[in-house]
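One letter stands for each residue in the lines below.
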Amino acid sequence: MITFIRKNKKAVLLTVLIVLNFCLAAWGDDAATTATSGDQKNTIEIKDFMFSPQTLTVKAGDKIIWINHDDEPHTVVSVGKKFQKSSALDTDQVFTITAGAPGTYEYFCSVHPKMTGTIVVEQ
Amino acid sequence: MKDHNHILHNVDSDGIDRRGFLKCMAWAGTGVLWTVSGGVLISKTLAEIAKAGASLPAASDLSFLQISDSHIGFNKEANKDVAETLKIALDRINAMPVQPSFLIHTGDITQLSKPEEFDTFDEVLKSCRTKDVFYVPGEHDVLNDGGKLYRERYLKSVNAKGSGWYSFNKNGVHFIGLVNVLELQAGGLGQLGDEQLEWLEADVKGLGADTPMVVFAHIPLWTVYPQWGWGTSDSERALQFLKRFGSVTVLNGHIHQVLQKVDGNVTFHTAMSTAFPQPAPGTAPSPGPMKVPAEKLRSMLGLTSVQYKQGNSALAVVDSNLS
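Chains A and B, in that order, are what the protein sequence lines are.
According to the working numbering, the first sequence is numbered sequentially starting from 1.
According to the working numbering, the second sequence is numbered sequentially starting from 124.
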């Protein structure tokens, strides 16, 4: 599974990063040049209408990656608009952000709001 | 029509007994005709109609078609050519001896709200002989712009308010198109919102209780399966405004399968998709597109015909698949 993600990630990231606009208010936006060196452990997989892991703990400045494995589009939207939302992610598309200020950030899929997740950012 | 298809015990005076209701539920998905004749609810499958050589209800005052969940742009295993299956559905409408007065599309026109997907839908729709279409948006139609593009394209012929809700009258029937796919809250279901509910209350206020009502929206206005988000959090408030009416028909999409529920004078009905089926509630890990053998696909796609005859208390709702 890990190998699969790594293989896919490089190809997908390059195409998707061009399409998606990440401009974060409190959080740093991503850069294509550093995308492929993203931390493997900070990948959130979207499968069967669930974010996995549901809670992810990262350090400030870490890159966080969501990848959609479903045949259904999903989004990543911050509760309270604390970071920039993703566009609709189609199958195999990726959304990447860089964690900003320490704190707990709830997010959900605005298409299927039953899907929720949490990012905990530590110093 | 055999006797066992007639109402035997109508304890609620709602024209439906438990046995009759269960029979209708069992037929849902294979095509079922509901009609009211002399106050007795009769139902029969389309197959039975075909066998008996009978036709669909004769002259009615109003007939319209519901199509739903076209998902133009979807190209995965479950159905790689959703434009083609939409076209087949439209061909079925074109083949009807009497064209319906209009179509209702209950949302998810597109898969990803892309302009080119809306373009393809509009192009395919040109082949339909029935030209008037009334829309409500699905969540797939409002993905990135809050529904701006959808509203620009599909609300030209109606007097839409707020994020796109409206009502109109046809042949004495009052139609209400509602929007329940916008500004959804984390962890929640579909949502109408205060502004739309206030509008609805005012919209129906002056209408007589004998006015037949048809309410259509994308996500079911009854709680089908909350674990999958198949419901609308504030639909009960909407139904409060409607419960004084003698006949309310609620038409929804979103769940890509036929389900019906009767609650007092309100009949809830969900339509098949023209694109791909979804699993029955709770029968799969997620509500994602259901992959079925190619030869089975069209039997799980379809459209819904609704007929209204003045003086009858209920509308006849008929589902037919594309096989």
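Rather than coming from a laboratory, the hints here were simulated on the basis of the structure.
One or more of the hints may lead you astray.
What the hints assert, rightly or not - Covered stretches of chain A, going by a simulated chain B footprint (3 or more residues, C-beta under 8 Å): (1) 52-63; (2) 70-76; (3) 106-119.
Backbone N, C-alpha and C define an ideal beta-carbon position, used for all residues, glycine too.
Against the earlier hints, flag every one the structure doesn't satisfy and list their numbers going up. 1
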